[in-house]
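As you go down the protein sequences, you meet chains A, B and C in turn.
The first sequence begins at 1 in the numbering used here and counts up one residue at a time.
The second sequence begins at 1 in the numbering used here and counts up one residue at a time.
The third sequence begins at 1 in the numbering used here and counts up one residue at a time.
All clues given are correct.
Among the chain A residues that face chain C by a calculated CB cut under 10 Å, a handful are:
| id | residue |
| --- | --- |
| 1 | VAL163 |
| 2 | THR202 |
| 3 | VAL339 |
Taking CB as the label site, the calculated pair distances span:
| id | chain 1 | residue 1 | chain 2 | residue 2 | range |
| --- | --- | --- | --- | --- | --- |
| 4 | A | MET235 | B | TYR6 | 45 to 53 Å |
| 5 | C | PRO14 | B | GLY244 | 28 to 36 Å |
| 6 | C | MET68 | B | GLY244 | 29 to 37 Å |
| 7 | A | ASP199 | C | PRO14 | 51 to 59 Å |
| 8 | C | VAL124 | A | THR142 | 26 to 34 Å |
| 9 | A | GLY180 | B | SER44 | 44 to 52 Å |
In silico negatives: residues of chain C with every beta carbon more than 10 Å from chain B:
| id | residue |
| --- | --- |
| 10 | SER37 |
| 11 | ALA51 |
| 12 | GLN52 |
| 13 | PRO53 |
| 14 | LYS64 |
| 15 | ASN125 |
| 16 | GLU136 |
| 17 | GLU144 |
| 18 | LEU181 |
| 19 | VAL192 |
Quick caveat, the hints were computed from the structure, so don't treat them as lab data.
The C-beta atom is built at its ideal place from N, Cα and C for all residues, glycine as well.
So the chains spell out like this:
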Amino acid sequence: MAIKKLMMASAALILSVTAAKAEEKTLTISVYGFAQDAFKEHLYEPFEEKCGCELVVETGNSVERLAKIEANKENPVIDLAVISMRDALSAARNGLTDKIDNSKLANFDKLYDIAKDPNGDGMSIGYTFYASSIAYRSDKVTINSWADLLSDDLAGRVALPNVTTTQGPLTLYMLGKALGDEDPSLKTPIAKVGEKKDDIVTFYVRSSQLVQLMQQEEIWAAPIGRFAWAGFSKMDMPIKWATPKEGQSGGMNVMVLTKGSKNRDLALEFMDFWLSTDIQTALAENLVDSPANKDVVVSDEVADNLTYGAETVKNLHLIPSEVALDNRENWLSQWNNKVGQ
Amino acid sequence: MSNKLYAPIILLLVLAFLIGPFIIIIAASLSAGETLSFPPQGLSLRWVIKVFEVESFRASFGISMFLAIGGTIAALILGIPASYALSRYKVPGAETIRTIVSSPIIVPGIIVGLALLRYFVVPFNFGILFALFLAHTALILPYAVRVVSASLTNLRSDIEEAAVLLGCSRVGAFFRVVMPNIRGGILAAFILGFVTSFNQVPVSLFLSGPGVRTLPIDMLSYMEITYDPSVAALSALLAFMSLGIVFLAERFLGFSRYV
Amino acid sequence: MFQNRAEAFALVLPAAIFAGAIFLVPVVILLSEGFRSGDSWTIQAYIDFFAQPLNQAVFLRTLKLAAMVTAASAVIGYAAAFAIVNLPPKGKGRITGLVVLPLMISPVARTYAWIVILGRTGIVNEALVAVGLSDEPIRFLFTETAVFIGLLQLFLPLMIISLISALENMPRDAVPAARVLGANWLQVFTKVILPLTKEGLVIGGTLVFTGSMTAYITPAILGGSKVLMLETLLYQRVTMANDFVSASVIALILIVMAFAANLLLKRLATARNKR
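Just chain A, same shape as in the assembly:
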């Protein structure tokens, strides 16, 4: 009896899932997993209404989704993917993406210049930026430089990003700058971190974990991306966003079209919709994504929580994709040898 019921329930579930997929016009997109409820309200649903189509959304982190696009390259499932700048270059080099016909994007000219074609191959368009700096307990320490991360005041009270994360190389690059060596091999900063590794509480993989560690007083400081700031700003501790003298680092996320995907026009329509001033403003006001569209105007309070404005964008120290990609293997092996042992 119970088995019969279960089987009927399962059959119903299979049917409902397949039925949902059978709708005529669908666009399949692949995005980062965060703030999906906000994206749904401010981006997906308005678009579905406008185009009369259905959006199917895959979420996950950049590298894992890219691995799936690679596996499915003969018969692409995803029409449009949102990944990091570096992974976009990697995808382009592996022949997984197509050139974007930006003549079909009415909002293209409204973008900041560096968002228009970040990798110089015409295969990606930036839709948001973020700054990366250091969140710290202002009642315990002061941070004026990236080198302060390794100061004696913070020994045993600081977390750094793992080199495998997007934030990892950014932090190391800024640390290198503070130590007077900007070489893309990151040799100096990795060696320095290796030397001090017992003073580092953890090399984090998920920045969301840091709020927990901050709350438990395990750490007083950690480098983070601005997108993770909201969690810290809500805490009832004196936590500040550092403005180190070497400047802030940062990154850009981009949209790409998978090679040979079927719904090209719809994908371009969606891309244009996402880049439009209205949508970028709505996402900015809800603190979801910082705008790449320079026509977006937001209040000071909102701007304060984002990476906003021509001046800010110009001053971000982005790591060029080729540098990040070509050195990745080398960074990882140095890191494993100096820090991971």
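Given the coordinates of chain A, assemble chains B and C onto it according to the supplied hints.
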């Protein structure tokens, strides 16, 4: 005297170690604060309520339930006859078959996920949900075979031979004599299978796709950005739900004694 | 033992074919990539892997941690399973339920719970300081100890339930009989309990060892990326470098280690049996 004290002390210590984290999770999910903490900073149901407000959790919960229950039943349907044959018949190459069937336990999940995606799902162009179902069934199968085998080995085979001698058919003997006696094993296999599937991360990571993903994958991606007590609340709710299923399974399997 | 081959195959083949086709074939193809170099076959990738001191260290650490977790869970597992089996039936069911309970909780959440417990202001440290065992909080988090504790909690239930079902199936009078005949508890354990429960120990031990070796989330979170293990390395190869050759090398090493552990446990259990 010391023997009487031994059991409670050991059990208390072991349970404190095993259950401690669970108590922390429950306490944290009832916290009013923004992070996990023990003791909780004030009491509130806000995180429990939030779990039900996150839309994607609902869809992925349905898919995870389907995979865990459907996969476990499928694995038991394949696994019980196989275990029975392995323990009651002289099967040529029994050891090899045992190894093949139990191999999914031994291979790291990431490799299983990648291998299945690249050499099974993509070439044959399977639907996502169907591929996940097959993969989960394969992952649960070892538990079904091993645990059921263990209880069959310990069940003396002369009672079913006696049943056959007394005029019962082979199939009848299996359902009347063997099944009731191994239902503990089947229950254990069911629990292990359900739990394995429900908490499975690496295989589902690669096999899930647009619109179809399991709850743990959803939780992980939620936590990439937000780590608030709602994930603790969700885990606690799931634990209570799993307990309910175990309870039902026990009642259901308990009934089979009278079949 | 029944002799009918056709019947035996009819019962066993569906499972074997299913596991073979869905699971074994794809995995074997992937593993074979570790032996390929262009068109020829080679074990160069394995030689290269073990030539690196880092990989040797990671290999040994993985082996050590998995063995420690398995040994600890066997010792605690027997003690707990024995206590549970001797409870009255009602209590037995309830306690078994409590033992199984942690398995129902997402490993991710359990791992994070340890961050609360083992933290600087967590209950373990507060207890240590209060009792006077330590003057200041000890750093447990992001050390091998934390990974060990996390893995033990994750896999101990598997050992306990394997041993419970083995102990339950042991003839009820075996232990009292041995006691009456004058055996001490150590003899009872090695000569009576261990041989009669070896199946459970082998299953439990293999599950715990394999699980500890291939766990990804626990070492990643509780080890704070300082405690590199083979699985972490494997994940890095796949996600950071699309390097399926190294990934398949590490995977095969893990598989061989799991088989070796399984054989070793079987050997240990039967060796005792013969004595």
